[in-house]
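Participant: Residues per chain, in single letters:
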Amino acid sequence: QEPQASGLPEYIKIVEVGPRDGLQNEKVIVPTDTKIALINQLSKTGLPAIEVTSFVSSKWVPQMADHAEVMRGIERHPGVQYPVLTPNLQGFHSAIAAGATEVSVFGAASESFSKMNINCSIEESIERFEEVTKSARNMNIPVRGYVSCALGCPYEGNVVPDKVAEVSKRLYSMGCYEISLGDTIGVGTPGSMKKMLEAVMKEIPLSALAVHCHDTYGQALANILTAIQMGVAVVDSSVAGLGGCPYAKGATGNVATEDVIYMLNGLGINTGVNLCAVMEAGNFICKALNKKTNSKVAQASFSTGTIN
Amino acid sequence: AYPKRVKVVEVGPRDGLQNEKNVVPTPVKINLINMLSETGLQVIEATSFVSPKWVPQMADHTEVMQGINKLPGISYPVLTPNLKGFQAAVAAGAKEVSIFGAASELFTQKNINCSIEESLERFEEVMKAAREASIPVRGYVSCVLGCPYEGKISAAKVAEVSKKLYSMGCYEISLGDTIGVGTPGSMREMLTAVMKEVPVGALAVHCHDTYGQALANILVALQMGVSVVDASVAGLGGCPYAKGASGNVATEDLVYMLNGLGIHTGVNLQKLMDTGTFICNALNRKTNSKVSQASCRL
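Protein sequence lines, in the order shown, are assigned to chains A and B.
Read left to right, the first sequence gives residues 1 to 308 (the UniProt record's numbering).
Read left to right, the second sequence gives residues 1 to 298 (the UniProt record's numbering).
Simulated from the structure, these hints should not be mistaken for laboratory data.
The structure presented is a predicted model; accordingly, all values stated were derived computationally and were not measured.
One should not assume that every hint holds.
Simulated crosslink set (DSSO-like; lysine-lysine; CA at most 30 Å straight-line) [as the list claims (entries may be wrong)]:
| # | chain 1 | residue 1 | chain 2 | residue 2 |
| --- | --- | --- | --- | --- |
| 1 | B | Lys70 | B | Lys4 |
| 2 | A | Lys292 | A | Lys44 |
| 3 | A | Lys249 | B | Lys271 |
| 4 | B | Lys152 | B | Lys164 |
| 5 | A | Lys195 | B | Lys243 |
| 6 | B | Lys4 | A | Lys291 |
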């Protein structure tokens, strides 16, 4: 199967968000050593980017309280990026002090979500992030921008594609090298994904776009396929599908890295990632969390004992 | 471009229940089918006229067929592996039947103890009788994207078996990714080959979600012009080849995607979810539908 012949990218960068987005949204909190072991295992799978932790106040996100320890404790493999979340300038400085060499900021395409999540308007959050990107620029630290609620909001419902494009453009203009568009509650479908990307692609170059799909409604892989058919070449995912949905109790959240890689392998798209190695890392963290994997590929593979 | 309408073929009562650990009593099966009949679904696979020695879950096929409400405009196909099953099905009131071929010799041997060629000869008897009785026949091809025994399956082989079933008189050929190993890549390759031999209007896809690929695979099939999709309410029916793994794609999740694409199905998602809740309670299991899981919490 020739990916170029079908208009698909030849290579897709997978951004592994399990250790941060995943663990942050799991009921069980794992000890620092386990987090470090997970990240070290993931570093050996070929993944080019692994989101390590979040420099946010432990008052708000207790699961990430050990951010500095984790950042200092992990092995740093050459060729692998280790971004961390920095919601404000204070977080940014702590991150740098702990050795971070890439950071992320989180905007939203919904005013209500912004207010409920970080207690300020979109505009105010942008101003806050501008402080971060300014400092980051001075220190040559790349910044990734996230836009939440790109395909729907738990409070506002429908989100207008032009709003997503507007917020994306603000983040890109302030210096974010990549914009990750997040279907935060997983309500998107190939229909809404296409409309949203068409609007965003008018403002941001394709090469700077990523999709961060949640599988809450089982739509993630279909949505990712739609995105890559439109040329998007960066996909966020979470090992073992770690991280439930905080807005739908008991429902799933992040799409599983294993399932994404399985699909991309089948499409002949290169990711550089070893699927078996990711499954092993998934197996490790699920045991530590005392939970079943959310990855269907892992479920099927471990039961047959073979990997197709 | 996507089709404007998609026909959803509901296989939960047969393919789903046949592959569940727990067997449900006849009245539950009948109630399930009756509830599905109220959702807007146009095709509901009711049961299988196969020997209870082989498939005990479908032992009550005659009772079920005779017990269900048959609403006008809804088709209730049943599986008929041979002439005997066909005759029993018609006697019980069936107006449409299905036959099952496979694109893998080993699978056919292990599953029904004969070669592909021999199985087609067996079906020829059913086709003849069906033709005489004016009963439409749907043909299934298993293992179209991979076989639990042979591994990789050539697209040409799938096209060959599909062509045979179509030439024999099957009005529709449902292409089944029996072990769910397919991806949008292999789906495209397989459909390209099959579409050279069978008109796309006569094609359906029957995707299993064992590796989480079903909706992505279905999306590609739709992009290529396929407009008939099989699915199972609540994602009933595990995979007999991967213990504990899932099987059929959930009808709710499929309909959710089609709704989002603006594709008409005629199916009421809420009623479908309610039906899924009913059968999961009866089976004492959680739903495999993510839409259902997410919705009941919001």
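Participant: Are the Cα atoms of Lys195 (chain A) and Lys243 (chain B) separated by 30 Å or less?
Facilitator: Outside the cut-off at roughly 39 Å; violated.
Participant: Does the structure keep Lys249 (chain A) and Lys271 (chain B) at a Cα separation of 30 Å or less?
Facilitator: holds, 22 Å
Participant: Do the alpha carbons of Lys292 (chain A) and Lys44 (chain A) lie within 30 Å of each other, as the hint requires?
Facilitator: holds, 23 Å
Participant: For the pair supplied as a hint, Lys70 (chain B) and Lys4 (chain B), is the alpha-carbon distance within the 30 Å limit?
Facilitator: The hint holds at about 27 Å.
Participant: Does the structure keep Lys4 (chain B) and Lys291 (chain A) at a Cα separation of 30 Å or less?
Facilitator: Roughly 41 Å separates the two Cα atoms, so the pair is violated.
Participant: Between Lys152 (chain B) and Lys164 (chain B), is the straight-line Cα distance small enough, at 30 Å or below?
Facilitator: holds, 21 Å
Hint violations for this structure: numbers 5 and 6, all remaining hints satisfied.
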